[in-house]
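Q: If you're matching them up, the sequences are chains A and B in order. In this text, residue positions in the first sequence follow numbering that gives the first Met the number 0: the first is 0, and each later residue adds one. In this text, residue positions in the second sequence follow numbering that gives the first Met the number 0: the first is 0, and each later residue adds one.
Sample of chain B residues facing chain A (criterion: CB under 10 Å; computed from the structure):
1. Phe5
2. Ala28
3. Asp34
4. Met36
5. Val40
Treat the hints as calculated values from the structure; they're not laboratory data. Quick reminder that beta carbons are idealized off the backbone N, C-alpha and C, glycines included.
Number of protein chains: 2
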Amino acid sequence: MNELEFIASVRRRMRSIPSCGEGIGDDCAIMPQDDGMAMVVTCDMLTEGVHFRLDTTTPRLLGHKALAVNLSDVASMGASPVASFMSIARPGTLSDSWCDSFIDGYASLSERFGVPLMGGDTTASEHGLAISVTLIGRARYDHLKRRSAAEDSDVIMVGGTLGDSAAGLRLLQHNSALAHELGLDVADAPVTACPKDARLAPLVEAHLSPMPQTLEGRWLGERCEVHAMTDISDGIAKDLRQITDMSAVGASVELSQVPLSQELTEYCLSEGVDPVRMALCGGEDYKLLFTVDSRKVDRLTSDFRARFGYEPVAIGRITQGEGIEWLRCGVPTDEIFSGYVHE
Amino acid sequence: MNELEFIASVRRRMRSIPSCGEGIGDDCAIMPQDDGMAMVVTCDMLTEGVHFRLDTTTPRLLGHKALAVNLSDVASMGASPVASFMSIARPGTLSDSWCDSFIDGYASLSERFGVPLMGGDTTASEHGLAISVTLIGRARYDHLKRRSAAEDSDVIMVGGTLGDSAAGLRLLQHNSALAHELGLDVADAPVTACPKDARLAPLVEAHLSPMPQTLEGRWLGERCEVHAMTDISDGIAKDLRQITDMSAVGASVELSQVPLSQELTEYCLSEGVDPVRMALCGGEDYKLLFTVDSRKVDRLTSDFRARFGYEPVAIGRITQGEGIEWLRCGVPTDEIFSGYVHE
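With the rest of the complex left out, here is chain A (with noise of 0.2 Å):
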């Protein structure tokens, strides 16, 4: 069975047990408390030649990204991390120095967010590397924002460029020497700063080190006039349709709004892709996505950019209906786009 058919095997298979809270089916489990508040848990498990291979990243960006992924699904929900715990199944033949050097990548990120590590497993492995990261936060119980929130009309908005991640693993897929070439053993995170090529180091960088939206996440949470959010995991052609399922409605998308970075309409230039496609269909972006009241937009577009010195993009609308309409210039087009499918 794929990964869905198992998810609903255990739905099934558990359904007789009450809940305490809302459990499968949005970024988070949702567990309210008593004082108004409610915890948010989130759980990703990273495997060795699933997620990631060991000559195509570095420790460092690898404990980085195991942290990085659950606080974007925290931040989706609109709360602030907590506390993460992080269990990890080591293969006898990495270095003490590797180790030192995840464990470095997965403070450094614990830091900037003032996450505590409160605890997990280690393990030997006999088989290959595997991370499972388990991550708490915590949010006022109304501010909450789940994917079954949007609502007809609100304005659709996304936290930042997209399908640099996808270019990024393209580019490693394509040259697995690239990741030493760029220097990922000397940064910290600086892949920016490697100088032999420039131009696509943005594109590794966003594969391998993304930099989850925790402060935007906690920030939007707070604003009753945006809707439903999520985190774009699997390329906003999927992602987006969760929310439109969940909410039962449709949305049009205008393709042209799409924001895409310079160094991914440059490298997609040259390799004769399409970067539209590549930001509508290729995972791994972890920015936010969120849906407006349409006329709050230009309010909260201000409001956000005064806290955070950039602007999220209005990509386009919730609509009647159902399914997502794409236009390229105000133009329906029958492209299909289908996002990151696993397994």
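Put chain B on the given structure of chain A with help from the hints.
A: Relative to the frame of chain A, chain B by itself:
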């Protein structure tokens, strides 16, 4: 670096980040809440080839055990389990029926104690099977039991017979076809129903399908005469040392008092193995180990029996000083007992 060195490196690197409670060091992390309650959190990761072999267990028993080891950690804090999160990295070779049975084993134990599965992650694995469970529990903050709370002259008690699981593992290691001989594929839990070798079945069951002392742990949590508590996952030779080291006390244990099952005694006799050594040094008993104010042991024991229908067993005393003294019928022995060492 080994497990302890890895944890030490993590603690060193993370110490600049303010904690939100009590982290690494006990069976669970403790996160105090505003209302006099506390959340406890534990994580365990099981990996193929290290913690289990697919040819010596069944998916149902593995699903059970993945949750059981975490339930035992929460019980040892004196807390009640509230919600579980299960992440699994699955090789493509696992059949649908394998997955359904695994889920069934996990769900059956969840149902027994009313613990909802609130989330997790599923992913492909290019290497072996890995399962990572996070369990959240809850208790009154002042009911929590720590390893560090043992007091001089406390009586040391255990929640049941020891060593059965170690003998079960030994049986499986010496005969990898045994699991199937024992009819493990057929049964939900009752290896005991196996007709072929009924004498060994309880030992194998203790290893493959341990039953956590969930209700006992919560009950003991409410008793203020219970001071320190942990669960026996690495053998009491090691787990009791955790209590003595963290409480800055010593201990004296009477070997003739260590509770042994009849099955273990008979098995060890036939194999020429010392059952007491197996009971002290074998891992994965998942029985509770706790210390009790000596003036209140009789009352606690009778109340426990009234509630659960059996009695915990006194095996020794907490002492001033340090280290553990092992006695055979009151006479100190210089035999060395050490618990299970990971990796």
